[in-house]
Each structure stands twice: as C-alpha cells, then as structure tokens.
Amino acid sequence: MPLKSIARCRSVSKRWASVLRRPDFTELFFTRSLARPLLLLACLKEKEVIFFSTPQPQNLGENVSLMAADHHVSFPLEHGYHLSNIINGFFCISHYRVLEGIKFRIGNMTWRLIECDVPHSYPGTKSICINGVLYYNARDSNGDDMVVRFDVRSEKYSFVNFIERRMLPVTLINFQGKLASVRLSSLPPMWKGVHAREHFYFDGVTATNEFVFSPFFPSNPLHVYYYNFVKKTVTKVEIQGMGAFERRRSRVDIFLNHVADVKLM
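Residue numbers (the numbering used here): 194 to 458.
These aren't lab readings, by the way, just hints derived from the structure by calculation.
Please note that a few of the clues may not be correct.
Claimed, not checked - No more than 30 Å apart at the CA atoms, straight line, and that leaves these computed lysine-lysine pairs for BS3-like:
(1) Lys371 - Lys429
(2) Lys456 - Lys240
(3) Lys371 - Lys349
(4) Lys349 - Lys456
Here the structure is a predicted model, which means the values were calculated and not measured.
Start from the sequences, fold in the hints, and give me the full structure.
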C-alpha cells in the first residue's frame, strides 16, 4: 500500500497502529521501496510548493511512456528561497545570495536553521545527497570555488576546494554512490533533431545510470527525458495526473531515486 493508505490504516484502531509500527514491517516496507524508487516533483508557484510523485521507470524502451502522478502535500515557501534537496524526509532550502546556513523542514513542522560559520555564496544550482550527506557548489569570500559538505546526522559542515579556480558552473551528481561533477555531456544526434529549440535542466542520474533531463519551461503535460549514455538512446516519459496544478505552476524541480519510508510518518 502507498504511504497515505498506511497512515489511514493506523487510525483504525490501536491494534492496527501497533502492527503497522512494528520494526519488521517498517524495515520490509523500506526494503521494497528501495526496489521501486520514485520521481518526486516539486511544483513551485509564487510562495507555495506542491509535491507529486510518480514511479521511476525501471525498464525503459525507445517509445514514449506514460506515468501517473500522485499528489502528496503543499506548504508555503518564503520568497527568495530555493528548494535544493530532500534528505531523509527533510526539505532543504537555501537562499541564492550569501548563505548563512541551511533550513530544514519535515512534514508540517517549522523550519529550523543550521548556521554555518564560513561565509559563502550559493549560485542556486541543485544540491546532491549521498548517504545522508548534502553536497552543493559554493564560492568563498576570496572568490575560490568549492564544494560544501553538510552531514545531516551530525549537522556539521566541511569544505572541499576545487583544484582549478573558477570551476563553476558544474553539476554535482550521484554516480554509482560516489560524488561526481558534470560540465558537458555529448548527446546522440537524434536529440538535436527532435528537441533542437528546447532548453533543459539536468536533473541527475538514476540508479541504472540514465541521465534525466526536464524542460526549462515545463510542458503541459510534463515530459521527462531519460538518456542512456551507454546505449545512446533517449526515452521520453509523459507524466499525467497533475490536473489543475499544471496550469498554475511556474517551475518544477525533479528529485530522483526518492524512497518512501513509514518511519517518518
């Protein structure tokens, strides 16, 4: 069952709630969720963010695929802030200007600021999370580029300097469980013929090593593109079911490999 159904079942009785909170059930649910990762879609409109999810395709062919989206939750987002990542159920936001710290929120709880004592600017690129550690590009007060490392468990910051100066912009990715950066990617000839006039976000890499792209200006319905750089194939996936939200959204952030976990309910 999806998380919403489990939440409803917990409200039936104390006995049902006890069974659905047992460690063996929560571990089994998480294990099965790992085998069925989701695309998490964050639709940002003015001062609000609306979350949807859809199954992440596991066996991609070369034909257009269809996926259905499921609406989850909405909550206000302060003006000027950027939703940079989602880590272990926490929403992480940061400001585009000088970064004083990272703000976290879980569910409907209030935001909490984790301050950093090293001033640095954040260029607004999407961060990446690997094993509970958040990484993002930054520039210090001397103009040197670096990667900021924030451990969610210990709430500690550390920093990795680039070997060369002025390395930004680069895109940080999770490639087979390791931090990597991408500046340029060679796409197959078929891409130019079909999508020559479109600009795309690079959303990341799936566990099966497909590069994922989404339009800079969201289409209606939304389309996501999977590029297998080994087979040199591109698969277009149409996401349906976002309904009225599609007409009033201004930007869609896509987070890959999202896994549902009943421990956070």
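For each hint, the structure was consulted:
1. Lys371 - Lys429: holds, 27 Å
2. Lys456 - Lys240: Answer holds: Lys456 to Lys240 is near 29 Å, not above 30 Å.
3. Lys371 - Lys349: holds, 20 Å
4. Lys349 - Lys456: holds, 24 Å
The structure is consistent with each of the numbered hints, conforming to all of them.
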